[in-house]
Amino acid sequence: MVKKIFEKSYLLIILAMLYAPIIFIIVYSFSGSSNFNFKDGFTFASYEAIFTSDKSASLWEAVGNTFLIASVSSVCATIMGTFASIGIFALGKRIRRPVEAVNQFPIINSEIVMAVSFMIFFVTCRFAEGYARLIIAHIAFCTPYVVLSVLPKLESLDPNVYEAALDLGANPFKAMMKVIFPIISPAIVSGFVMAFTISLDDFIITQINKGAATGIDTLSTYIYSDARVQGLEPFWYAMFSIIFVLVLGIILVVNMAKMRKQKKEALKNGI
Amino acid sequence: MATSNEIIIQVKNVTKAYGNKEAVKNASLVIKRGEFVTLLGPSGCGKTTTLRMIAGFEMPTSGRIIFNGEDITDTPPHLRKVNTVFQKYALFPHLNVFNNVAFGLKLKVIPNGTKVNRKGETVELFRKYTKAEIKEKVNGALKMVDLEDYGHRNVSSLSGGQQQRVAIARALVNEPEVLLLDEPLGALDLKMRKDMQLELMNMHEKLGITFIYVTHDQEEALTMSDKIVIMRDGVIQQIASPEKIYDEPANAFVADFIGESTILSGVMLEDYMVQFCDTVFECVDKGFKRNEPIDVIIRPEDLKIREPKDKDTILTAEVLSCVFKGDHYQVTVIAGGNELIAHDTASYEVGETVGLYIKPFDLHIMRKARIINEIDTEMADENLVYISGGQFECNSNLPAGTPVKVSVDFDDVEITDDADDGVIGATVVSSIYKGSYYQCIVRTDDYYDFFVDTDDDWLKGDRVGIKIAKDKIIVEEREVIDEDEVIEIPEVVVDEVDPELSEQLAEEIKTEVIEQAIEEDMDVVYCGEVMDVETLEAELKED
Amino acid sequence: MKQFLKKFHVTKRVFSYPYILFMLLFVIVPLVMIFAYAFMDNDHNFTFENFKIFFTSQSSLYVLGNSLFVGVVTTVICLVLGYPVAYILSKSKNSGKVMVLLFVLPMWVNFLIRTLATKAIFLAIGVELGMGTVLFGMVYNYLPFMILPLHTSICSIDKSYIEAAKDLGADGSTVFLKTILPLSKSGIMSGITMVFIPTISTFAISQLLSNGKIFLFGDSIELKFSQDMYGVGAVMSLVMLAFVLISSFVMNHYNKNSVSVGRSLW
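Protein chains in written order, with our numbering: chain A, 5 to 275; chain B, 533 to 1075; chain C, 9 to 274.
Okay, chain A solo, but in the shape it has when bound (with noise of 0.2 Å):
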């Protein structure tokens, strides 16, 4: 009993410290200040500023690159993605093995070096600063999770399953669009879930190939520039505020849904 106590508390401290930070900004979101007290009293003044503070526009722009960085790559890569997983699994082990291999490299490889190498490469090919650099680099480390996400599902597929259609009259463009599709769906959406916040999260690939001239920022890089020399303003705890809530939100509710199906299914095939 005394040891359940323990361990209850041991997880509660370690909770605390990772959501500490978390929860002080949102407190202090409210505060209307940066210096962590409550001098004016509770205020929405902070979420207030987000649209009238004079670097509104430049935030605004920059959460607009972000997402629109975002969906390009994240679509891009999970069309390229899902035909490179069937691509991939049609080809002979022999090529197989180093065409997986260089599909893991971007997710095991260190993101400075990915970064610095994209650069090197722009630089070397003279290709132009701006939202492509950007977009390219981004569907190069998004794609392979997509992979990663679609060709288990291929390889769990009963292989007979794609012959079964063949055999009762579809054509192999048919079998593809009725049998293997439905079929890898969910693993194609959630390829493509995970691309979107993996581009959206990004920071390092973005702010070392962004390009000094252009002045595209996403969020991440804008907050960089703008945080790092001068501190937080406090339309930053807003901001700060409303993404942690976003987040976690969205990403707690999609988890119980699933933990509940899961549940269900179970529940389902115990009866």
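Honestly, the hints are just simulated from the structure, not real lab data. Please note: incorrect hints may appear among the correct ones.
[What the hints assert, rightly or not] Using 35 Å as the maximum straight-line C-alpha spacing, the simulated DSBU-like pairs for lysine-lysine come out as follows:
(1) K821(B) / K836(B)
(2) K268(A) / K723(B)
(3) K620(B) / K20(C)
(4) K7(A) / K262(A)
(5) K640(B) / K20(C)
(6) K182(A) / K660(B)
Guided by the hints, dock chains B and C onto chain A, whose structure is given.
For chains B and C alone, kept in the frame of chain A given last:
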């Protein structure tokens, strides 16, 4: 059974190779409309590959497949009028039972009368099935497999047996002319399997369509089929009715694979006279050479135990063991150094002397598949010959590179436990007990099968080494045949159910090969002999 | 028709070609370029000069040593803090799925935001920024990366091993030391690599949390490139790459053998 004499499928001299390994070798087969044909054999014998070639999932490396008189070798699977029931059902997990069964119907186009177009030509019209038609057909198919109320169910919520029924309904609803079944009952438990066997037989009878069934379960094959095709290592061993397969196995492999049996080596003294276990027996076989070595097969239920002094007794034996098996005792006896197995209703004491009796009719005598190992190879050096990549010492002064034929007796091949102890490594493919010794087949890494007589029972799949004593290797110089310059006329295994049809097929294949030989100006190999086409034709005319 | 079928079989493979081409161009070629730059001077001549500069420069080696120090300490702290968490969670009902989710949730918030939040708090409560705050920030950032693989590997241990150990007379601590700990080795190894590699190569965190006083290897690589010292930067990238390859090799080795490790215990 609704078997007509109309041929629906001909498999003509089909070979399927993966790399240099042949999964199916020169298979030829006739299947009649309405027949229930089973392809039977151990795993890896090529039965599934043969079925998949008929379905269109695999392309033969050579040979043709004829369906209703039409060559469908190159027809993709979705255009073939056959449907398949897969081993693990292969139901579409994202569709419910109804939509699984309706899948094929939704894709199908059916004739819808004709019309005259502007140019005055008559054109055939096609349409898809209407929703109502699909519903009716699907419900009919589900009813046939006793799953009427399951249409809305998710396939993953069904039991194995129910999934299998859905798979059968999904195939049958398309009204195929031939239903292919790839070990469909393999994943079910014993009781379920027995029930499904009966149901499948009923369906076959009711629908009257052709079933081609693949299984490794000999009992299943014997129960269900009109015709059994036994395969081994990609080669058809025998095509016959279940009764014939059991009673008159074509060779030791078939005898060993189907049911229990004692297989002994013997000598055919003269017509109707065979010697084994140091005893001369009367038999009903003839047409062998004098003193030809043969295999004798005795089914345990045919070996009768008598009093030693009984007037029927042919030879006496000593009881080694007697085991109760429910409805009989399995009695193992030893006679003349050979172990024999008998089934008897009485039990016997171990060590007891008994008399044995076999009706002449129950002795099955077969030519040996091979009486000596022969390998075509070449000399590595003087007194050194290549066999399957290894260099064996031998007594021959032929220079390096000379093409030679090497002969080694079965009992001169030595198997070693550790592959490294042998000159070459090999894998045990089979091991058949022959009364007093085991006859193993060990396969070298370049796919040569050594027949080996040993005292030990080697485990199938074991990795072993092969050694041969220097003076046991007989080396003869041989003539070289360039394989690219000859075509072999394959031997077609006679279909014992329809001998005329298979002879006709063999004739067709022979004619085609000869035509090809003439066209490409090549020699032919016929019954192991190389000859030019004229010689062959002359010889054939003589027959 | 035969050609059609054969072609179809080939077409499925063809689907992978754009991706393979893309990866060759944008992943492999850049890496080769790093390799090339490491052996080139500014006039594109072959040289070992860059290696000499890096391996003789005291400040570079100091940064490398510093990074390794931060990496090792962070990893050890994460392991010490994380293992009990993973172990306790694995014992609870349903393997503590919801709790695990709570522990890894912060991972989904951008690390920059979390780091800045931590920094703001340190500033607010008056903690002096330095090595201590850097280490705290690292642990804070990478602890979930340690907990997750540990939890997975502890949960995958067959409960009957533990029961068998108890049955054979082991008490609580012996069960833990002789069965659970060795059997979770693969989780420990992947946890270590998942924390160590990002820590030494991390960019920005240490600068932010030490007010630019503490530089780690990742920052230093970025700095070299921004100062147009591509050659030395490339050499440093190669050093980093070597760490990555070694760790992935180690990880593969342990994950592959995890089953046989389990077996050899018996």
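The hints, checked one at a time:
1. In summary, the hint linking K821(B) to K836(B) is supported, as the alpha carbons are separated by about 29 Å, within the 35 Å threshold.
2. Between K268(A) and K723(B), the direct Cα distance comes to roughly 31 Å. Compliance with the 35 Å bound is thereby established for this hinted pair.
3. A C-alpha spacing of about 24 Å is found between K620(B) and K20(C), which places the hinted pair at or below 35 Å, so the restraint holds.
4. For the hint pairing K7(A) with K262(A), the CA-to-CA distance comes to about 32 Å; that is within 35 Å, so the pair holds.
5. As the CA atoms of K640(B) and K20(C) are separated by approximately 25 Å, the hinted pair is consistent with the 35 Å bound.
6. For the hint pairing K182(A) with K660(B), the CA-to-CA distance comes to about 17 Å; that is within 35 Å, so the pair holds.
Checked against the numbered hints given earlier, the structure satisfies every one of them.
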